[in-house]
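A.B. asks: Chains A and B, in that order, give the protein sequences. Per our numbering, the first sequence starts with residue -5, numbered consecutively. Per our numbering, the second sequence starts with residue 64, numbered consecutively.
Hints in this document: simulated from the structure, not taken from any laboratory. C-beta atoms are modelled at their ideal positions from N, C-alpha and C, and glycine is treated no differently. Hints may contain errors.
Derived pair list, reagent style DSBU-like, types lysine-lysine, alpha-carbon separation capped at 30 Å [as the list claims (entries may be wrong)]:
{"id": "1", "chain 1": "A", "residue 1": "237", "chain 2": "B", "residue 2": "265"}
{"id": "2", "chain 1": "B", "residue 1": "265", "chain 2": "A", "residue 2": "397"}
{"id": "3", "chain 1": "A", "residue 1": "115", "chain 2": "A", "residue 2": "94"}
{"id": "4", "chain 1": "B", "residue 1": "150", "chain 2": "A", "residue 2": "217"}
{"id": "5", "chain 1": "A", "residue 1": "309", "chain 2": "B", "residue 2": "265"}
Output of the computed footprint for chain B on chain A, the stretches with three or more beta carbons under 8 Å from beta carbons of chain B [to be verified]:
{"id": "6", "stretch": "19 to 33"}
{"id": "7", "stretch": "227 to 234"}
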Amino acid sequence: MKPLLSKTTKPFLIFVLIVLIISIPVYYFMVDTIWQDELDEHNEIVAEKTSYEFNRMKISDEEIQRNISLWNQIQPGTNIIKLPYNNLKKDLIFTTEKYKPFSADKKIERYRCLKKVIYIKNEPYLFTIETNIEETQGTIMIIGIITLLFFILIVTGLFILNRRLSKTIWKPFRNTLDRLKNFNLNTQTHIEFENTDTTEFEELNQSLRKLIAHNVSVYKTQKEFTENASHELQTPLAILKNKLDLLMQNADLTEKQYNIAEDMNKALSRSARINQNLLLLAKIENSQFDQSEIINFDELVRQSIENLQEHLDQKNITLQINALQNTTVNGNTSLTEILINNLLLNAIRHTAGNGSISISLNNAVFSVANSGVQKLNEDLLFKRFSKLSTSNSGSGLGLAIIKEISKSQKWDVQYNFVDNNHVFSVKL
Amino acid sequence: MKILIIEDEVELAKSIAEYLSEENYLCEFASTFSEAMGKIEVFQYDCILLDITLPDGNGLKILEELKKEQKQDGVIIISAKNALDDKIKGLQIGADDYLTKPFHLSELAARIYSVIRRKQFSNTNVVTQNELQIDLLAKTVSVSNEIIALTKKEFDLLVYFIGNKNRVISKSTLAEHLSGDFADMLENHDFVYAHVKNLKKKLYDAGCDHYLKTVYGTGYKWESL
């Protein structure tokens, strides 16, 4: 994962590099051509000026010959040779490379040459001129160095610009991102994005505002629906229950009919319980519980054990209390009671007769362990209605409620299978 | 004994009245807030069953009015809302009991019985049936003036039966009464059988007649003339 700016910078820099590399031969070609043209022009001027100056001098032919030989000796780079006739129809222009004639170090120099026939006193002479021109590698090296400097300038400039831009231009984006990270659909905290003058970010903020507002309202409706539906179901369930109570008082009832009514009664109690649990879940999710009460956790555990003692006795389950430290926590008392009861009842229900349950409350960790055979599927365990046992009692919501209560009180509930024991632990 | 049922669900009110009429209770109905206010102003009841979610007002207001007028009617709130706040508030204002829908009629009858007894016999609240005497205030039971030791649950069961004389009470109903919220989470209701058996034995051993009968194999009935 790389930041967006460095992602765009890299191809941009590669492109700049390619352009600059291409520019090196182009610059060289341009500079060299201009230089050669200028030198050619210079050579031509020198040749013409020489012939003109010779012709202007009112001296004899002999003297001219002497002057020309003197010229050839002292004038560097030029040479005048008498021709019997003009055998050069066209001027010769070329580049040659040779060692410096009068220097000790053996360095190849490049020269631009012109061979031209000039006429002095109407006699043809071959005029040769050589002018030093910068070597190819020299030119390329200088252009290359300058290009490299520019490239370094662009890279450092971009680097500095990027850092400043990411600080200023991307600031609204970062703000939005931070707000989103802290947003929780469940707690329904209001989310407010800062206004920005960047079109794209403002568009993003607006879309997010719309999306969140929509989601919040859908979520609310859905939760309200669960709560309302459960609430509405209470009345018909109550009517059914009461009618069954009346039916059971009927003197004409046979034992068979009574048993049917009793089975209906049990099923009805279960549906009432499922309904109540759904309502409880909806209420927890809607944060309808005061979470600021001070709870003596160990006291609630003791109460719960007392209430459930007869059910332990009945299944002949040994209850082992490993530790029960004085523990005071913040939370909701009735929710905590439900959590403890559900954990213990769950253990009682799923422990075979003559089995054992051990509980401990130590260093703010409450754990309930009961003997078992096989590790349970953790993914399904805390899901609503995903009953892992074949027993048909229970609402299928017990562990979901434990999970939801823990979440609402910011506790952490975990399941482990250790030494043939199912261990549920709640970190307070 | 006069009872006012303030309940907007007609079927529910009818069932309650039918069950209670067997006990020689005289039931009157009020299905709206205004109707209820009108009735409590004029008449006096032994017990008022109050649904707090009424179409035209909050039932708690009725309760407040009763207390303001210093009426002695017993009040049991019956609510579809299992909201702890409502329960605490209701009891604070002065309701005698609180019951969440759905409930068993036998449960309601037992509560009404207790409320009325408490209101009317505030000093010596003793129920007598031949040789059996139950002191609801001291929570003691004696047979032929001999006190017998009952556990909390056994005493609770006995009062429940007394409040539902000659009625068939099923095992699952008793289970719900005894273990409250988690009865249906338990695989079997044998613990009810254990408690009832102990109660029967203790009463019989002390020389009490067999008032508590088993009916239809799994149901119970307290017989009394």
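A.B. asks: The structure should be examined with respect to each hint, and the outcome stated for every one.
C.D. replies: Structure-based check of all given hints:
1. A:237 / B:265: With a Cα-Cα distance of about 34 Å, the restraint between residue 237 of chain A and residue 265 of chain B is violated, given a limit of 30 Å.
2. B:265 / A:397: Status violated; Cα separation ~44 Å.
3. A:115 / A:94: Violated - the C-alpha atoms of residue 94 of chain A and residue 115 of chain A are around 34 Å apart, more than 30 Å.
4. B:150 / A:217: 23 Å, holds
5. A:309 / B:265: With Cα atoms ~24 Å apart, residue 309 of chain A and residue 265 of chain B stay inside 30 Å; holds.
6. 19 to 33: This one is violated; 0 residues, fewer than the three required, reach chain B with a Cβ under 8 Å.
7. 227 to 234: With 6 residues close enough to chain B, the hint holds.
Figure legend: structure checked against the earlier numbered hints; hints not met, in rising order: 1, 2, 3 and 6.
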